[in-house]
Amino acid sequence: MEKAIVAAASLAVPPPAFESTLRALEASALRNDPHAAIALFGAVHLQASKMVGAEKVELLASALAWSGAQAARAIWIHDTQQRLAVVSRRICVSLGSAANAQPAVLRGALALALFYAGEVIKAEILAGTRKTRDCGSINALMRTAVAEGQHAEPVFLEVYGRRVGCTVESLHFRALLLARFASGVLNSRQIEILDAWMWMWMPRLKGSAAAPAGSALRVDLDSNVGLTRQIGSDPGNYRFLAAAPIEEAYAAIVRDLHSGRMVPADDWTSRFRIEEHVAVLDLIRASLGESARAPVARAERRSSQAQAEVYLGLSEIMARGFAPSPAAPSSMSGGQPLQLLGDNNLPAGPATASHASPRRMVNVVDVSDTGIGLDGAQSDCGNVAVGDLIAIRLEAPDPLILGKVVRSLPAATPGRVVIGVRVLSTTAHPMRLEQPHAPNPLDRHLDLLFVPGEDGSGRYDACLVSERTFDQSAALESHSGDAIYTLRFNRSRERGRGWVMAGFEVVGSRPASAAA
Amino acid sequence: MSSTLLYLLFVLAAGVAVWQVLRRLSNPADKPRVKRPDSHPRSDTAANLAPHWQAADAIDAPTPLTDKQLHARMRDRYIEARFPGVAASSADLEQTERMIKGARHYFEEEKYDNAHELLEMAIEQTPAEPALRLAQIEIAFLRRGARLYTRLATEFNRVHPRSPAWSEVTRLGRSIAPEEAIFGADVAEGTHGRYGPWPQMPNWIHASWDLTSDVLAADLHRSLARGAALASHASTPSA
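Those protein sequences? They're chains A and B, same order as listed. All residue numbers for the first sequence refer to this note's numbering, where the first residue is 132 and numbers rise by one. All residue numbers for the second sequence refer to this note's numbering, where the first residue is 4 and numbers rise by one.
Pulled out of the complex, with its shape left as it was, chain A reads as follows (with noise of 0.2 angstroms):
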């Protein structure tokens, strides 16, 4: 695939005139011409953002895996909002030291290198790519922008066809919380919804050099670091985002979608389904709700050597990760070829090894109480995603680990991909109940994965089961010791990519010998 990317972006070859002006572009920019350079810049701005507004409605349309045109031009995507990134810098820069740089033309620089700033940020989700994240040259435009008093002057931006109403503050705040948010937690199509919205946003978001009441997110802007939680008066050059006008909009949003109402309505991002506008919101409620609460602090994590053999979806772990004596993890050193396996995890003979399935081997990062950080090959884990159910065994004796995957984005070293574990459960156990009243008799017996709570009321129990046997809503009986349980499942405790961890009430039981 990454070949086929690779060979795909040389033949992808940009309109000619885009990529001549682009061109001229950058050498004005190089030339240290910034007035030649803003000239230009106008007409490039708007060329580009026809062409990526374009391609993007194009690439996030479908639910379909790209081809490997289609990744192509999403990486074209990246590395022109890249060049255009640089160049408006590179311009900034200039204009800054200019003794007779007018201020709206100042202004307009600084907005258009902030704009792309956040663009860039977004790219690197869509291409798959990752590079470090680097707020201080972000925070840097924004000093020079309160240094020259050009933060909150309007600016009128054209964005993807619309013009839209902004401060050089409102864009350094909207590159910051993109930034925030693109740790691997967002999909494209979520981090373009996140941004439709900041777009409407813009008016709110208006910063402060005093810690305003109530909680606020705070940059300091002779950093590299981007927006923090607001603890503490240590000094610094900080500018504050109440959290209040935030969570204004934020309701504004959910009325409108209790009425049915998209938003924004007229938007392509509208289109996309409705499961990933809710995660969006999920996403700025929990951030809200932590930025509300007192801090807590992060479970401790340990560093770790260790290779670990990761399961992926329930049917993968019900069936390998459950296996009766799972073999040992390979060492994947030396370019050894990956060891097939059958269905029972023994070694695939040649009978079965057309149906066996690779092993995925990760290299563990580090262990926390709550979580594990991964890091493995794009080939084995590039189609993880967040949301996805996985099982690790750290060593052999050791229990499967359930988890759901929080965190997934490509690594520093090309061809990898970190993901972030959050723990479910260490003591998940292979269950069978009876569906004594389902109309197929192949449905009858149901196996699953019985979570038990951590107390010992079972209060807290849960089922791991597909979304479909969730929706059934069926009674379902356990066969356990000299009783007969049944049990409905009644709540979703977690739920994912087409599983859900079940929370269930107990309704009734009966002997097992009347049964009989």
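Misleading hints may appear alongside valid ones.
What the hints assert, rightly or not - Taking beta-carbon pairs under 10 angstroms as the criterion, some of the chain B residues facing chain A (in silico):
{"no.": "1", "residue": "Tyr81"}
{"no.": "2", "residue": "Arg85"}
{"no.": "3", "residue": "Asp116"}
{"no.": "4", "residue": "Glu120"}
{"no.": "5", "residue": "Ser226"}
Said to hold, decoys possible - Interface residues of chain B toward chain A, partial, derived using beta-carbon atoms under 8 angstroms:
{"no.": "6", "residue": "Arg78"}
{"no.": "7", "residue": "Pro87"}
{"no.": "8", "residue": "Met124"}
{"no.": "9", "residue": "Asp217"}
{"no.": "10", "residue": "Leu219"}
No lab work stands behind these hints: they were computed from the structure. Each residue gets a CB set at the ideal place from its N, CA and C atoms; glycine is no exception.
We have chain A; now place chain B onto it with these hints.
Just chain B now, kept in the frame of chain A:
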């Protein structure tokens, strides 16, 4: 299946195919049996040969949804995505008891925003139902959210000014937000008439005081834990 039988089946299938081709070549009027739209009417001969094949009706273009219908559909989709397993549509929100139970489950799992929003949407659906507002008020009290409690209580009093539950609302309000005038002055209280698993709470969230289900859940948990321990012991190789 023996190779001879397979061979015979192959020969038979090939023979049928050849026969079909020869039949069509010999009778051009015998058109293949495919449905045709009205723009290509079938010949009388074809119709007579296969009277059960009717010319396909023109496909009616779907009637565009009105804005109201579209919004209703989007609202249902939002409900399904937002409250999976609890409510799938606006119609589900009208099941008051089920919504209060769902909100209680969310509260017990500390998903307070879900609980509040579920009740909020149920109230939007059936604004005249006091039980939903009272459940929302009780959850706000249990969370010690004084500002939210006061807002919800004020709205409840506006919508249900003669509700007998108001005395309970003000009693709880005086303990959580004593400075609010709407809750009146402190009065001596009796405990008669208050029941439920927590006698000091009105139990508007309909928590069950029948612990049978909880006892059975503990039994099942113990039984499964015993079974898992036995299975683990059996799979551990003996020294």
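- Message: To test your reading of the hints: which numbers does this structure violate?
- Response: Going through the list in order, the structure violates no hint and respects every one.
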